[in-house]
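**Student:** Sequence:
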Amino acid sequence: MTALNRFLSNQKYLLFLFLAIAIFASLQSYFSPLKTFVEGGRHYTAYNNYIIFKQSFFHFLEGKDLYIEYLDEQGDLFKYSPTFAILFGIFGLMPDVLGLSLWNILNVVVLLYSVYYLPKFDVRTKGLILVFMVVEMLTATQNEQSNALIAGLLLFTFGALERRSYWLASFCLVSTIYIKLFGIVGLALYLLYPDKLKLTYTTAFWVVIFTIFPLVAVDWEQFLFLYKSWGNLLSNDHSISDGISVIGWLRTWFGLEMNKTYVSVAGALLFCIPLLRIKAYANFTFRILMLASVLIWVVIFNHRAESPTFIIAVTGVALWYYAQVPSRVNYILLILTLIFTILSPTDLFPKFIRNEWMKPYVGKAVPCILVWVKLLYHLLWGQLLPRKFEEAEELI
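Note that the sequence shown covers residues 111 to 506 in my numbering.
Among the clues, some could well be false.
Cβ pair distances, simulated, as ranges [unchecked claim]:
id, residue 1, residue 2, range
1, 142, 467, 20 to 28 Å
2, 308, 460, 51 to 59 Å
3, 208, 378, 40 to 48 Å
4, 275, 378, 26 to 34 Å
5, 335, 382, 31 to 39 Å
6, 331, 439, 52 to 60 Å
7, 484, 183, 24 to 32 Å
8, 331, 137, 36 to 44 Å
9, 347, 119, 39 to 47 Å
10, 229, 200, 27 to 35 Å
11, 137, 347, 25 to 33 Å
12, 338, 394, 37 to 45 Å
Capping the alpha-carbon separation at 30 Å, the derived lysine-lysine pairs in DSSO-like fashion look like this [what the hints assert, rightly or not]:
id, residue 1, residue 2
13, 469, 189
14, 230, 484
15, 389, 370
16, 338, 389
17, 230, 389
18, 484, 145
By construction, these hints were calculated from the structure, which means they are not laboratory data. What you are looking at is a predicted structure, and each value in this text was computed from that prediction instead of being measured. Ideal Cβ placement from N, Cα and C applies to all residues, glycine included.
Kindly generate the complete structure, drawing on both the sequences and the hints.
**Tutor:** Here it is in structure tokens:
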């Protein structure tokens, strides 16, 4: 066995790599100088996203509106659920350097172990999937975002569904929804599995628990106020930007100023069409490709998608590629994803290229859009040719 194969097959090596990335990114953010936000010339920490999450916990305890600006404290709005705000107190009560580090470690560890929780892939292939995601994961971690956690929870959802562990599956999926609402797209995976009644009541149970959880610390009036305020924020947020998405791609490449709702509906219809192939549900490759479709779709059709969001889509691209027999077209698309999605925001690309070409023309999204189109073809008409999967029961 070569040194590379030993590395890819050794879970401890990859765990060390992921932990090192999380700690490096955390310390880099913590010790970086203050950032200046153009509007108002205000200064905020380099780990502003973490501060937003942290302050939401204290705003919650103080009975404040979570979904308004607090420009003296943070550089953006809090957009997650009230339940997320109270649970983030686990980190928010710690000194920033420790809370920030543990938050990032949680994200990368969940993603790491969710890949190892996937059934049928051999350990080396799981290593390849993880290595492909490393740089994108660093981008997400440097921004203290929850996107690696979202990706990991969706993978855990799939792994639990495959094992018919429906309580765990519904817990993981509902968790994503109460972090970022777009996790609701993962409900489509339920259609691929039997015992819909159990999936329904286990999901309903966790929805109730996650929804009413803030009542442990606030009264009913404040509880209703927070959810109403959250809903207002999300409804108003829809028109703010196009994001690094299909909507932005259509506008910048083709000059099409299209209604975002129409684009989203069209994308949703395309996403759902493969689900009409009910007989294909028994095929593991079809199911894993549907998971990949979920992971890519929630990013490329997200009008608020940012660079750190793409760890979710890149996870989908990796699953799409490594779940099938390799082909030249798939390999080219994988390389395009590596170059333009993963590496384009890094210093490997000159600054003028990043600022003048990649950002204005949403270059980061284009390979993922192409992969999703190819993926849709596979789900609808292509031969579902799997790799030679090996049952990997050495799960962590």
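**Student:** All hints are to be evaluated individually against the structure, with a verdict given for each.
**Tutor:** Right, here's what the structure says about each hint:
Residue 142 and residue 467 have their C-beta atoms about 27 Å apart, which keeps the hinted 20 to 28 Å range intact. The supplied range of 51 to 59 Å is met by residue 308 and residue 460, whose beta-carbon atoms lie about 54 Å from each other. Hint check: residue 208 to residue 378, Cβ distance near 41 Å, so the stated range 40 to 48 Å holds. With their beta carbons about 28 Å apart, residue 275 and residue 378 fall inside the hinted range of 26 to 34 Å.
As the Cβ distance of residue 335 to residue 382 is approximately 35 Å, the hint placing it in 31 to 39 Å holds. Hint check: residue 331 to residue 439, Cβ distance near 58 Å, so the stated range 52 to 60 Å holds. Separated by about 45 Å at the C-beta atoms, residue 484 and residue 183 break the suggested range of 24 to 32 Å. Distance hint for residue 331 and residue 137: a CB-CB separation of about 42 Å, consistent with the stated range 36 to 44 Å.
Distance hint check for residue 347 and residue 119: the Cβ-Cβ separation is about 43 Å, which falls inside the suggested range of 39 to 47 Å. Against the hinted window of 27 to 35 Å, the Cβ-Cβ separation of residue 229 and residue 200 comes to about 30 Å, which satisfies the hint. In this structure the hint that residue 137 and residue 347 lie 25 to 33 Å apart at CB holds, the actual value being about 32 Å. Take residue 338 and residue 394: their Cβ atoms lie about 43 Å apart, and the range 37 to 45 Å holds.
Using a Cα cut-off of 30 Å, the hinted pair residue 469 and residue 189 holds, with the two alpha carbons roughly 24 Å apart. With a C-alpha separation of about 23 Å, the suggested pair residue 230 and residue 484 falls inside the 30 Å cut-off, and the hint holds. Only pairs whose Cα atoms come within 30 Å are accepted, and residue 389 paired with residue 370 is rejected, the gap being roughly 33 Å. Restraint check for residue 338 and residue 389: the C-alpha separation of about 42 Å exceeds 30 Å, so the hint is violated.
In summary, the hint linking residue 230 to residue 389 is supported, as the alpha carbons are separated by about 21 Å, within the 30 Å threshold. Restraint check for residue 484 and residue 145: the C-alpha separation of about 40 Å exceeds 30 Å, so the hint is violated.
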